[in-house]
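The chain contents come next:
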Amino acid sequence: MTSIRIDGRDCLTRTGINLLQACLEAGANLPYFCWHPELGSVGACRQCAIKQFSGPDDTKGRIVMACMTPVSENTIISTDDPEARDFRASIIEWMMVNHPHDCPVCEEGGECHLQDMTVMTGHNPRRYRFTKRTHRNQDLGPFVKHEMNRCIACYRCVRFYRDYAGGDDLAAFASHDNVYFGRAADGTLENAFSGNLVEICPTGVFTDKPFSTTYTRKWDMRGAPSICVHCAVGCNTIVNAREETLRRVLNRYNTDINRYVLCDRGRFGHGFVNAPTRIGTPLRTIGGQQVSVPITDALQAFARMAADGPIVGIASARATLETCFSLYALVGPQHFCTGQTRHEQECVELVHALLTRHPGALPTLHEMESADAVLVLGEDACATAPRLGLSLRQSVRQASFHMADGAKVPRWMDAAVRTLGAECPSTLHVLTPAPTNLDSVAAEAFRAAPDDIARLGFAIAHEIDPAAPPVTDLTPDDAARATRIAHTLMAARKPLVVSGMQYGSPALLQAASSIAAALARATPEAGLSLVLPECNSMGLAMMGGLSLETVMEQARAGAISTLVIVENDLTRHLPPADVAELVAAVPDIVMIDHTATPLCQQASLVLPVAAFSECSGTLVSQDSRAQRFFQAVFPTAPIQAGWRWVQALAQHLDPSMLHISGLTGWRDLDDVLAALAVAFPPLAPAVMAAPGADYRMNGQKLRSQTYRASGRTVIRSFVNVHDQPPPGSPDTPFSSSMEGAYGPDMPATLVPGYQAPAWNSVQALNRFQHEIGGDMRDGASGLRLLSRAGNQNADPPPYAYVNDIPAPYAARTDTVLVLPDTRLFGSEELSMFSPPVMARAPAPTLGLPADMVTSGRMVLHLEDGPHVLPVKPVPGLPAGIALCPAHMVARALRFPCMARLDRAPDGGEGS
Amino acid sequence: MRGEYHLACARLHHAIGEARQQGWLGKNILGSGFSFDIHVHSSAGRYICGEETALLTALEGRRATPRSKPPFPQTGGLWGAPSVVNNVETLCNLPHIITNGPEWFADLGLGEDGGTKIYGVSGRVTRPGAWELPIGTPLRQIIEDHAGGMIPGYQLRALLPGGASTAFLDGTALDVAMDYGSVEKAGSRLGTGMAIILDDRTCPIGMIRNLEHFFAQESCGWCTPCRDGLPWVERLLDAIEDGTGQDEDMDQLGRHARMLGAPGRTFCAHAPGAMAPLASGLKLFAADFAAHIQQRRCPQQSGA
Ligand code: SF4
Ligand code: SF4
Ligand code: SF4
Ligand code: FES
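Which chain is which? The protein sequence lines are E and X, in order. The opening residue of the first sequence carries number 1 in the UniProt record's numbering; numbering runs sequentially from there. The opening residue of the second sequence carries number 1 in the UniProt record's numbering; numbering runs sequentially from there.
Each statement offered as a hint is correct.
Partial list, computed: chain X residues near chain E (C-beta under 10 Å):
| no. | residue |
| --- | --- |
| 1 | R46 |
| 2 | T57 |
| 3 | P70 |
| 4 | T75 |
| 5 | A216 |
| 6 | Q217 |
| 7 | T224 |
| 8 | W232 |
| 9 | Q246 |
| 10 | D251 |
| 11 | P263 |
| 12 | G264 |
| 13 | T266 |
Keep in mind the hints are simulated off the structure, nothing from the lab. Predicted model only: the values in this text are computed from it and were never measured. Built from N, CA and C at the ideal position, the CB exists for glycine as well.
All chains should be built: construct the whole structure from the sequences, respecting the hints.
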C-alpha cells in the first residue's frame, strides 16, 4: 500500500495498479472506456485523462491517461483539473461525432456505460454540424445483435474476443473514423463466449438478441442472484424477470469462478424456461389420454397409487440439493436412487473420493488461470466445462507475465505484455482423443485413445514419483513424451492436472489424480480439477443412493409400485429397451419436472415443477462449492419448487411411511437445509452457502427491483388499476418489489444486479468490489465443502496410488470404439430446449479417422439400433475410434461402447 | 516499404539481388563467417507505418497501430524480440562513417549537427527535388540555389520547412539554418527536411485542408481524439473553403489545435503533427480565414 493525493485528498492505494483503478477504488467518478478490469489497459479511448503533477510545487502539471500510468509513491493527481475535465468532455464530443444518439430506441439504454460516462463528463452540446458516417450492420447469428453506428471504437470487443477468448471471426476492419468491428462477412459468431460482447461493449453495438424478442427496459426488471445450471462449473449469474417471465441472464461476478465472463450456453441456455415444452399444470393419464387436472385431484391420485405398495424415488444431478433431499426424506435410503447408471455413479463418487484425498490444491477457476504448467488428460473441457476451458486458455499467459515482471512492465499493460509474450513457450499439454479448442495454444496436443492417455498419465506419475506404479510396454515415443511432460510439470511452481468424466473412464480420473498427487509431494500447490457432467453432480455424489440398475432389479422383482422421478430424463441414462422394461414393470410413474421429457408421456401423473428462475435452491459445483440461486419469477400456481411437490406428496401419505417425518412440516428452504445438515453432515456447510430467509439489511428485506422500476399498476391495468401486494417468497430475504435495502455492501451472494450512483451499466460492479477485480465488499459467493488449501503437512503420508493401469488400446477391425463427441451446443440437456441454442447445435455427424471414411454416410449399430449418419474425418483421431455426438444420436451411451460400423446402403452421397 | 511504391521496391530488390550475387549478402559473406541478409517487406500503405512501433506491428502482420512503451523496441520489439528500427537515410551514412571516421562525418555539418541531410523542396519552385547537403545549409540557399528559386510570377508566402507535420514559417525565416536547433528556434521543426512552399497565388486554407484531409485519412483509428477529431477539422476547413464557414468554426478549429496539439493527449504523434500546420496557419493566415467566412467564398479561387 502507498498513499497518493487525488484532488488534494490523501488516499491509501494499492501499489502495482494504475491510477484509473486507484481513482475508482478511492470512490472517484473517473470516466473510462477501453480499460476493463479483466482485459487491462491499452490507452485507446483517452477518456480517463487526468492531470499529474511532478511534485507539490508543480502547478502546471501534465495530462496523462490514468489507465496507462502506474501508481507510484507520492503521486499527485487531479481528476478535477479544468484542463483535464475539458479534455474528457471533448473526448465524449468526439465519440458523439458519428454516434446516432438513438438512446430512446437503443437496447443498451438505461444500462449504457456510454450514457453514464457522457453524463459523468458533463458534456452537453454537440457542435458537430456535418453529416454522420454510417455503417452497415451484420447478422451475427442467434445470440448477438449488431448495430455498428453506436460504436465508439474502444476496441474492447476485439480484445476480448480475439486476445482473451481466442476467437478469430470478429475483427477490427478499415481505419481512421471508418473502423468497423464485425465479421469479414455476415454470419454466426463462432466463439463460445460471444455473448459476453453484450456486457464487454460499453455501448449498444452488441446486444442480447434473444432478449430483444421479449425486450423490456432494464430498470423495469426484477433481478435475482442465480447459478448457471448448464454444467458443473457453477458460474454465477443474474436473472432478470418482468411480468413473471424470465427475460435474460447476465454475468454475476464471482471472484473465484466466472469473474466477468459466462459461456454462451450459460447465457442463452435459459430459453428452456419459457419454451413450449414447459409443463404448466398437473397431468393425469386417464384412459390413455393425458389431461390437465387440479392439484387436489393429482395429489389424491397419488395417495391411491401409494396405497398399492412401495415407492421408489429417482433423483437427478440437475435437481437441487433440497429437492433431492426431500425425495430422500420421502422414500429413505433403501428406495432412493441418484438417477444415474452404476457406471456414472461410480465415476462421480470416484471424483469425489479423489478430490477428497488429493494432497495438493483444489484450485478455483481463477487460480487455474495462474497455473504455470497444465496437463489436460482426456477431457475436452471447452465443451464439457466451457468456462473452465477459458481459464486454462488464460493460464498460457503466465510466461508472458513473468517476462513482463522482468521487464518492469506492469501486468495490466495489456498490449505491452502481449508483445513481450508473443513468442513465449506455452506450458499447456492437451492429451485427448479428438481435437479441442485449446490445441491452438497448447505446447503439445496429442491424440490417443482414452486407455492410452490413462497409461501415459500413469507413466507421467511414475516419472514424478517412483513410488507410483510403472507402466510396462510403453512405446519409446510415449515413454519420451511421459518424461518430457513430467519434467515440465515438475519445473512448475503451480502445476495443474485437469481431467473429467467425458469418456467415462475411471482410469483417466485415477491417472490424473496420481499425477497431481505425485506432484504434490514436492509442490504443495499442485492442483487437481475433475470435470463432472451436471450442475449438482457433486451434491448428489455426497448424498449417495442406489443406481438405476438397482432400481431396474427392484422393478423386475415387482418390488416397486410407484416410481417418483424428479427432474430426470431417464432416457439420457438408460437405453430404450431398459426404459421400456422399467415402464412395463412399474404400475405407476410420477414425473416431477418442468419440461416435458420423453418419459412424461408414459407417466401416470406429471407434476409441474419450478425452473431455476422460479424457486430458490442450492447446487454443489464440481469443485464442491455449495451455491444458492434465488427466485426471480413468481410462477402461476401450482408450479412450485421440487421439494414442495415432494412435500405435498408426503402430506398424502401415512406419516409412518416417511423416512424423515419432519418433511411434512418444512416451511421454507432453511428448514429443508437444517434437516439436510442433520442427515448428511458433510453437506451441513451448504446451509451457510447464503444468508437465510430471515436475513435483513438495515432491518429491511433486500429489494430485487431497481429504485426506478416503473409501471407496477400500469402493467395490470387491463385487469385492475389498484396496486396489488407484490408476491413474496418465504425462502429468500428478498422483497419482490423496489421496496427494501440495497447497496454495495450487501452480501456478495445476494446481489440482484449492479447499480450505484452515476453507474447504471454492469460496470457499477466496481463499486461492489473491495478491490477492483478482487473480492466483493461483503464476502464470497458460496462455500467450498472440500478443503481447497494445499497440503500443509510437511511430511505427507505416502499417497495410495492405484495400480489399475489399463492394457494398451488396440483398434479392432470388426467394431469401432464409440466415444461421445461432447458439444458446446447440443449435448447438454436443458439448453437444448432453448431456441437460440438449438439453432446453434450442429447436425449430428459421425467423426472418424480419415482413413475410415469410406463413404459419405455410414451406419453405426448401437445398442438401440442402427443410426445412419453423415461422416466427417477427424484429424488425428486414433484408428478404430468413432466420435458420436453425445445424447444426440443415441440419447444414452453406455461406457465403454463398441459398435459395428457399415457403409450406408445408399453409398457415397452425403458428407 | 509502402506497398504503393512499386518502382522503388523493384529497384531495391534489384540492388539487393546484385549485392547477393556479389556475395555481399547472405550466408558467410565473403568467407568471413558472418551472415547477414536484407528482407524487403512491402506492406499495406499507411502513413502510420512510419511510426516505429506501428511499423513493427504491421511487420507482424497485424493492424498498423502504434504500441505503448515500454517495452521499447530495443528490448521488446518485433514478436517481442529486441529490435532496432532505423531510417534508410540513417543507415546510408554508415559506410561513409566507417570508411572516413566519425570526425570527418561530424565536420560535414555546417552548424551544431554533424553529417549531411537529404533536403527537398516542393511547390512552385523552378526545380523541385531532393539533394544531399551538409546539415545546417540555410533554407534560402536550398530554395534559391538548388531548387532554382520561385517560378517567375509566384512569390513565396510561407513554407513548411520539414514536411506536412511541421509548422508554417513565413518568408522572413528564409535565413534559418536547416539544422534541428535552428528550425526549432524559428518556431517549427526540421522534420524530414522536405520543405513545402506556399506561394502567393495558392489559398493557404486550401493547402491546410489538403493536409488535414491527408492526416484524417491516415489516422490509424486507434485513439479517439485523432480518429474523430481530424475528420471534424477536415469538414470545418471544407466548409470554410467552400464558403459555408461560420464564425464558431474558428473556435472549433482553435479548440482542436489546442486539444490535439499537445503531446501525450493522443496515443502517438500523428495528431500533434497534424495540428502543427493548422495551429501555425490559424495565426499566420488569420486574415484569410476571416475573409473566407465573411465573403462566403474563397477570395483566391474566384480571383484566380
Ligand atoms: S449506445 Fe448508449 S448512448 Fe448510444 S444510443 Fe445506445 S443507450 Fe444511447
Ligand atoms: S463495438 Fe463496442 S466494444 Fe467494440 S469498439 Fe465499438 S464500442 Fe467498443
Ligand atoms: S461454464 Fe458451465 S456453469 Fe459456466 S456459464 Fe457455461 S454452462 Fe454455465
Ligand atoms: S480508459 Fe484510459 S485511455 Fe481508455
